[in-house]
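There are 2 protein chains.
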Amino acid sequence: MSNWIYPDFEFKPKRPLFLCIMSNTDTGKIPGISAAGTTPYLTDYTPGGDAELVETNKIMTMPELPEAPGGSPTPAIVTKAALNLSGIPSLFVASGLRVKPAIPYMEIGGSPGHDIRKESAVEGVEGIYQRAELAGKKLAKLSDCVFIGESIAGGTTTALAVLKALGYDANVSSSFATNPVELKQKVVAEAMKRAGISLGGFKNDPLRAVAEMGDPMMPCALGLMKGLKGAKVVMSGGTQMATVLALAKALDIEGDICIATTKYIDDDKSASFRKIVEETGRPYYFSDPGLERSKIPPVQIYAQGYVKEGVGMGGAVLAASLYGVTQAEIVEEADRVLMTVELPKK
Amino acid sequence: MSNWIYPDFEFKPKRPLFLCIMSNTDTGKIPGISAAGTTPYLTDYTPGGDAELVETNKIMTMPELPEAPGGSPTPAIVTKAALNLSGIPSLFVASGLRVKPAIPYMEIGGSPGHDIRKESAVEGVEGIYQRAELAGKKLAKLSDCVFIGESIAGGTTTALAVLKALGYDANVSSSFATNPVELKQKVVAEAMKRAGISLGGFKNDPLRAVAEMGDPMMPCALGLMKGLKGAKVVMSGGTQMATVLALAKALDIEGDICIATTKYIDDDKSASFRKIVEETGRPYYFSDPGLERSKIPPVQIYAQGYVKEGVGMGGAVLAASLYGVTQAEIVEEADRVLMTVELPKK
Chain A
1 MSNWIYPDFE
11 FKPKRPLFLC
21 IMSNTDTGKI
31 PGISAAGTTP
41 YLTDYTPGGD
51 AELVETNKIM
61 TMPELPEAPG
71 GSPTPAIVTK
81 AALNLSGIPS
91 LFVASGLRVK
101 PAIPYMEIGG
111 SPGHDIRKES
121 AVEGVEGIYQ
131 RAELAGKKLA
141 KLSDCVFIGE
151 SIAGGTTTAL
161 AVLKALGYDA
171 NVSSSFATNP
181 VELKQKVVAE
191 AMKRAGISLG
201 GFKNDPLRAV
211 AEMGDPMMPC
221 ALGLMKGLKG
231 AKVVMSGGTQ
241 MATVLALAKA
251 LDIEGDICIA
261 TTKYIDDDKS
271 ASFRKIVEET
281 GRPYYFSDPG
291 LERSKIPPVQ
301 IYAQGYVKEG
311 VGMGGAVLAA
321 SLYGVTQAEI
331 VEEADRVLMT
341 VELPKK
Chain B
1 MSNWIYPDFE
11 FKPKRPLFLC
21 IMSNTDTGKI
31 PGISAAGTTP
41 YLTDYTPGGD
51 AELVETNKIM
61 TMPELPEAPG
71 GSPTPAIVTK
81 AALNLSGIPS
91 LFVASGLRVK
101 PAIPYMEIGG
111 SPGHDIRKES
121 AVEGVEGIYQ
131 RAELAGKKLA
141 KLSDCVFIGE
151 SIAGGTTTAL
161 AVLKALGYDA
171 NVSSSFATNP
181 VELKQKVVAE
191 AMKRAGISLG
201 GFKNDPLRAV
211 AEMGDPMMPC
221 ALGLMKGLKG
231 AKVVMSGGTQ
241 MATVLALAKA
251 LDIEGDICIA
261 TTKYIDDDKS
271 ASFRKIVEET
281 GRPYYFSDPG
291 LERSKIPPVQ
301 IYAQGYVKEG
311 VGMGGAVLAA
321 SLYGVTQAEI
331 VEEADRVLMT
341 VELPKK
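Sequence order for the protein chains is A and B. Just so we're aligned: the first sequence equals residues 1 to 346 in my numbering. Just so we're aligned: the second sequence equals residues 1 to 346 in my numbering.
Simulated from the structure, these hints should not be mistaken for laboratory data. Check each hint, because a few of them may be wrong.
Each pair may be met inside one copy or between any two copies, as identical chains are not told apart.
Stated by the list, open to error - When the alpha-carbon atoms are kept at most 30 Å apart in a straight line, the in silico DSSO-like pairs for lysine-lysine are as follows:
hint, residue 1, residue 2
1, 118, 193
2, 58, 229
3, 138, 345
4, 137, 345
5, 193, 345
6, 186, 232
Sequences are here, hints too, so could you generate the full structure?
Structural data, given as structure tokens:
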């Protein structure tokens, strides 16, 4: 029991595995939509940069550390801290990823997502879903508890679009401290107009909702979840992963599935995390990474609502707590990770 | 105990995992060198075709079933039969692979290997070795016994070249019934001349032997093996995997490592499987797939020395036997796999 993980997570995995899906969508390049990358151009590199940081603490394919425009570093530093301290193995999974990382990863295939205002969002949704299910089935034989995070710039906007297509009257979170709610609503309204639907228009066809309004992370997460039946699955993310739960409900995906995210998502009054998850009937958990304790100001401000979630931070922190890792240790290790990360020579 | 697995394999894994490394080398395109692909052009597609067959029993990226010029189907049908019957999960691993399969796989990176007669064999050997080691470390937390097979056309020729570079006076096996020993010796002699070495010239620099004379499967297998320390590792292949053991010895890689191959390799008088493995000090095991029992003539002739090994056939059959699968069941299932495989429409 601890006061920084709530409610209590009653299961202690024997062979936990942390997965993180890497994807791109051109929706993330709409100026002002995403803070995951200091420029729209760099958002293609962010997932691979996150993966390299977590796997090696060395950025190789991205020209700089993945960070938000305000200068806050990627939440991958916290995820890495949690995995380092707990010894939980990680595996990055590419689905519709444009720039591949220089670390070992699982390739699911697929093309990067498109700008949902202009055209259908994801090509080959069924194929991604099936291949990810096959991968999930294998992993279920090796692990009894799989955490699934994501790294995709622009993913909260496609999540909002999918929620609307499914008929949810909800709002999503943002990596900006001030959520660009109006811009997201405008993008989603344009996408719905293009697809010729109103609220709930793809309620009975969740994979169509992904194909028209979503991103390539979604069918991958859904397929993994479906294939992992038999293992415990902890979706690790905020409103994006809550949206995946909503899709899973519409697809009647069964299993021991819950969601874990950060206290910062729970604190975000502009988003509807609890509301969405409650509609899916799945349990939720929050972890408080305690980043106000950091010695590094751009990390401290996470606690003020910058960044909030990503790269499975909330789930990774929860997972580490199950093995006796303390909040203080995570903050100290996240600071150490950030201070020692090796960057490409300019 | 059984008379078709010899000597007895005394360990019963709790969470076995079957890996198969997919690679290409242009050395395999030298006419007459490899039977893995009916034409040199198709050898680029063979590893992916094998992977698709094992994972889905459907060939998608290759225009036809991977087979030898004589018409014998790929040993992947036997591997798939063994995995189907035992329920052991498989994971294909790409290292220097030109044509990627349409199934989930682990990407280690690297470029396809070059024609060893003309230029250095493998680019970025150290990087492949390190990334594969990282992947191995993760898998060691999930599995207690990992089988490692390979699919690379031309791999026995690069194996012979590496053996010579390490100072072994040995010979290798072939997917042809009549081993083109003279052609292989000629190619290796040209490669040694190009690299400016004589027998044992890279004895003290095994990674250089791979870089100059080998193929991209080798550093991947070595890295996995190194990272998997803590799990039991069963190299699954004939003289190619024996060569990897020779490299591992030269690199002082430690661990609970052995090798399993087919009776057909043991029967091959033109190759020096036992001799090479005995010099490395690692245990070896043989399995008899019993393919003379097949109802399909091109499968029956495996037992006469066509094909012999590949896609980890020997190890997969051994692995299945540990879970009570019989030789008769494997033959029947291999026939069924071959009769039901879905091919691309012409």
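Cross-check of the supplied hints:
1. 118 with 193: Within one copy only: 10 Å inside a chain, 59 Å across chains, cut-off 30 Å.
2. 58 with 229: Classified as between; 24 Å across copies, 34 Å inside a copy.
3. 138 with 345: between (39 Å within a copy, 29 Å between copies)
4. 137 with 345: Close across copies (28 Å), not inside one copy (41 Å); limit 30 Å.
5. 193 with 345: Result: close neither inside a copy nor across copies, 45 Å intra and 38 Å inter.
6. 186 with 232: Classified as neither; 37 Å inside a copy, 56 Å across copies.
Against the hints set out earlier in the document, violations occur for numbers 5 and 6.
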